[in-house]
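Take these sequences, add in the hints, and give me the full structure.
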Amino acid sequence: MQRNAISRRSVLAGAVGLAAGAAVGVGRASATPRVPAAADRMTAITHVTVIDATGAPAQRDMTVLLRGGRILAVEPSRRVGALPGAHVIDGRGKFLIPGLANMHNHTFDGAAIELPLHIVNGVTTVRDMSANADVTQWRREIEAGTRLGPHWTIGSPIVDGSPSLWEGLGAPYIGVATAAEARAAVRAQKDAGADFIKVYTRLSRGSFFAIADEARRQRIPFLGHVSDFVQLTEASDAGLASVEHLFQVWYDTSSREDELRRAITSVPIAGGEYNGWLNKMHPYEYAAARSYDRHKAAAVFARLARNGTRVTPTLVLHTFTDLPGDTPMNDPRYAYFPAATREFWAYALELIYTTGRTPEQDARGREIFERRLRLVHDLDQAGVPLMAGTDNGTAYLMPGFSLHDELARLAQAGLSNMRVLQTATLEPARYLGVHDRGTIARGNVADLVLLDADPLRDIRNTTRIHSVVVRGQVIDPITRARMLADVKKAAAAAPAPAAAPTARCAC
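In mature numbering (1 follows the signal peptide of the UniProt record, and there is no 0), the protein residues as written are -22 to -1, 1 to 485.
Bear in mind the hints are in silico, worked out from the structure with no lab data behind them. Quick caveat: nothing in here was measured; it's all calculated off a predicted structure. Using N, Cα and C, we set each Cβ at its ideal position, and we do this for glycine too. Hints may contain errors.
Unchecked claim - Quick list of the computed label-pair ranges, beta carbon to beta carbon:
{"hint": "1", "residue 1": "A470", "residue 2": "R70", "range": "33 to 39 Å"}
{"hint": "2", "residue 1": "G33", "residue 2": "R438", "range": "18 to 24 Å"}
{"hint": "3", "residue 1": "G63", "residue 2": "A419", "range": "21 to 27 Å"}
{"hint": "4", "residue 1": "A122", "residue 2": "R165", "range": "45 to 51 Å"}
{"hint": "5", "residue 1": "K274", "residue 2": "I456", "range": "53 to 59 Å"}
{"hint": "6", "residue 1": "K467", "residue 2": "R420", "range": "35 to 41 Å"}
{"hint": "7", "residue 1": "G33", "residue 2": "A459", "range": "32 to 38 Å"}
{"hint": "8", "residue 1": "A122", "residue 2": "A34", "range": "34 to 40 Å"}
{"hint": "9", "residue 1": "G361", "residue 2": "G123", "range": "27 to 33 Å"}
What follows is the structure in structure tokens.
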């Protein structure tokens, strides 16, 4: 079994985020406000429109009462009497939704950047897709009440085949060559405290199914990429909890499946050849997308829905991998990230995504992305539970901000605005098995986002944030503005890179 331990200051791990998620420190001080010692004071959000994310119509002129980090009541305002001593927030003209979840995240820039950017963007639940000592410590502090932050679920390092796509790239991974090594990896990661096992692209069939069986024995979820050597339906039947990204979804739905599977399983991929994998697999993915068989797809998606297999499309990730030339270079939100991070992003863009890419591949990428949008719509229509995730850690994807970009992409795919909202609220809560989050109801955790505009009219209104409530603590507009200013200050103060990265290959 091969292991790769991450270095906190690994340059390349900071550059190549597509499911890597290394930590690059920018200081230990957090820009988030301190958790108050007492949470007994009542907060009342009055005369607000409640969008509870259950699918029910919006409830107008409601009052929501909070105390002790919980929702005490959700009542029509006319039924609520005087509220002596309560902290009252006037919700007239505003819209209250549950706190949002990012179900595919990799931590990258440290507490002074990551935590406040999640919070000010209304992200109150995060699923981190690879083990990270910093995040594990943050979670302990958050749960102890000494640090304010989202609820965290934290996975194992990537468990990949041997050779692995991540060899030599500085990312945390475990390479397994045999079924016995695969089973040992599951047991070791459960003992290490992982909440789930993250499986990856180059696992052999034997290793993949050994992980599935051992995870079932150990009662720990496994999820992630569908192996190049395993059908999507086989993975779903084996218990894969969620499919991350859309790379391998096409093959099961292609009228040319048998031919294309023979081809992709015979493509030689060396260790550390992530760029090679993207370029070598591209023609086969394109052929699979163009031979999409709707009748066959309906049967595949019905099987996923019956098994309860979730899909996290990460359309913002695919926007980047399919259309790297369209990546904006001057997004004002980049000011919240250190110069070293931005330099890593530029390095990764060239090293992983544009090196060896042809104009024909660019044209095909645009077509593939349009087909991905239709694919997501078909998954939703078939009843496959979808969850919002971004793959933060990939170049140019940003904690907090990019989740709202993902919601806009899901709407572009044709989901109703209510369904889009549910991908970041109700569906993650169902997946995580938490019955007191993801909706607005009496007794639920007080994770809420107060908006200045209606997200059911335009999902982009999720960015129109007035206030955020995190476990009952109100982050008002003044506090939000201060937090953003502190992040920008921390980013500007972070050490500049000593020298520009110059390596031309991952090895």
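Verification of the supplied hints:
Against the hinted window of 33 to 39 Å, the Cβ-Cβ separation of A470 and R70 comes to about 38 Å, which satisfies the hint. Against the hinted window of 18 to 24 Å, the Cβ-Cβ separation of G33 and R438 comes to about 21 Å, which satisfies the hint. The hinted range of 21 to 27 Å is satisfied by G63 and A419, whose Cβ atoms lie roughly 24 Å apart. A C-beta distance of roughly 28 Å is found between A122 and R165, which places it outside the suggested range of 45 to 51 Å.
In this structure, K274 and I456 meet the distance hint of 53 to 59 Å, their C-beta atoms being roughly 55 Å apart. In this structure the hint that K467 and R420 lie 35 to 41 Å apart at CB holds, the actual value being about 40 Å. Range check, G33 to A459: about 34 Å between beta-carbon atoms, so the 32 to 38 Å window is met. Taken as a hint, the range 34 to 40 Å holds for the pair A122 and A34, whose Cβ atoms sit roughly 36 Å apart.
Look at G361 against G123: about 39 Å separates their beta carbons, and that is not inside 27 to 33 Å.
Hints 4, 9 from the list above are not met by this structure, while the remaining hints are.
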